[in-house]
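Read off the chains here:
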Amino acid sequence: MTTGRPSRAAGRSRTLVGVTVALTVAFAAAVVAVRTGVPATGSAAGAAVPIAAERRTLTVSAATSLTQAFTRIGARFERRNPGVTVAFNFGPSSTLATQVQAGAPADVFAAADPSSMDRLVAGGQVTTTPVPFARNRMGIAVKPGNPGRITGVADLATAGTVSLCGPSVPCGAYAAGVLRTAGVTIPEARITRGTDARTTLGAVARGDAVAAIVYATDIAAAGRAVEAVAIPAAGNVVAVYPIAPVAGGDRRLARSFVDVVTGPTGQRILAGLGFLPA
Amino acid sequence: MLGSASFRPEPGRRRRGTGAAVPVPVVALAVLGAAFFALPLLGLLQQAAWSEVVRDLGSPEVRAALRLSLECSLWATALATVLGVPVAWVLARGQFRGRSLLRALVLLPMVLPPVVGGVALLAAFGRTNGLVGPWLFDTFGIQFTFSKTGVVLAETFVAMPFLVLTVEGGWRALDARYEDAAATLGAGRWTTFRRVTLRLLGPSLAAGAALAWARALGEFGATITFAGNVEGRTRTTPLAVYLLLETHPGAALALSLVLLAVSVVVLVALRDRWFGVRR
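Heads up: the sequence lines are chains A and B, in that order. For the first sequence, numbering that gives the first Met the number 0 assigns the number 0 to the initial residue and increments by one for each residue that follows. For the second sequence, numbering that gives the first Met the number 0 assigns the number 0 to the initial residue and increments by one for each residue that follows.
Hints are not guaranteed to be accurate.
[Stated by the list, open to error] Covered, in the sense of this in silico footprint (three residues per stretch, anywhere, with C-beta under 8 Å from a C-beta of chain A), are these stretches of chain B:
no., segment
1, 90-98
2, 241-253
[Unchecked claim] Partial selection, computed: residues in chain B whose CB lies under 7 Å from chain A:
no., residue
3, Thr-127
4, Leu-130
5, Thr-144
6, Phe-145
For the record, the hints were derived by calculation from the structure and aren't laboratory data. In this text the structure is predicted, and so the values were computed from the model without any measurement. Idealized CB from N, CA, C, for every residue including glycine.
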């Protein structure tokens, strides 16, 4: 296609490429510099954090079931602390803990069960004592109108496909506890496993699962997409939510976020969404 | 099929000149780009404790997932071929309005987040609130959710675009004069298609099918959303990897390595064919 020698055009594009490379290398170097400036989580405490003063983003890794509550609390927190942005990382507590252990830069960790938190305490990623800030119950979610006629946990033994969280995710472990207490065994071939409480509930709301065992708060948050069948307190499991600042993060800001969650504002928001006080 | 490669016009013959050498900065960027892909793979390999990998691959959970993945992905590839080749044919040779619209529609799953694809499949084929799902169940007793058929459907949905794109490219690159010549020599339409078109199309068909298979094998989002995550029935290898990651990281890693090995083998076997045939 090009017949003549493309000397000048090629020269210009080569300069362009050169500039691009220079910029890329400079950017990469900057990234590396920033990364090495931040001490790795779990490393010796007291290492200098040179960029702490300019850091205006608070990263909060929180259990999926806290999505609504924490989004509201985050908005309040931002209003009270001008210039601060709260970035949420919602997911299954166990995955979030694994992320933090792998060095994900979180400032605050809020889990749906003590075991994920204990893992970080044992690993040295959380150095202060975690504070329980809320409790939750499990409930049964069914389709609107309850076509499967589910009245309690016992009915799940003979119902169609039941949606549960993965066994290693807190809500999966709690659901297993509920079933164990009721003496109900559901064959694995009739269980579909969601990745977290929301996707587990989605199998009922959008899909063809007959019922799901998830947090009562998630069922409430789903509105009219599902109906709730309560699990009596005697056969229910109480989920305890702990929160703590993550070592190596912005400790001052993290501390004040934890205070808001455990304080009257946070507690009022949590109660409004169906959480029980810790 | 690959044996018929001699039918293919030599790609080298069409190149005009060799072009200028690749500038050094471009090479440097390319090295960076390659490293970006190589590092995660190296990380995965470095994490593996090989004696455990072999042991973990023998566990019943892992074997069930692998068997299910193999079965469903092969069915998905077959379905994608049966439905995809005609679509590619229409796209390559058909002259009609809305052809680019059809192509966009067919390629949509390539850019759509697979989870959205899964929700869309539910909206169409869900048993309780799908568009045609309730009818399919009442009339034929077919339920896609929580069934192998659902997995096959989800995998076909995300994998078929790869086949269509590759085969359409092959069809366009195909020299229609060969077909004309065959017709002149007295071959009927079917004979021409079988002996000339299909032979010339062989490499891109094989490449498309292999790519579609690899994509089907790795499918996660659409599968878990649409077909669910039921042990032994819809828990394919990627879903098992996700579940095992926290309880048995070793087994999850072993499964990841199997997926990785398969993908590498497929891509190396394809070499330049995917893009090469479209030259």
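Here's how the hints hold up against the structure:
no. : hint    : result
1   : 90-98   : violated (count 0)
2   : 241-253 : holds (count 5)
3   : Thr-127 : holds (5 Å)
4   : Leu-130 : violated (13 Å)
5   : Thr-144 : holds (4 Å)
6   : Phe-145 : holds (5 Å)
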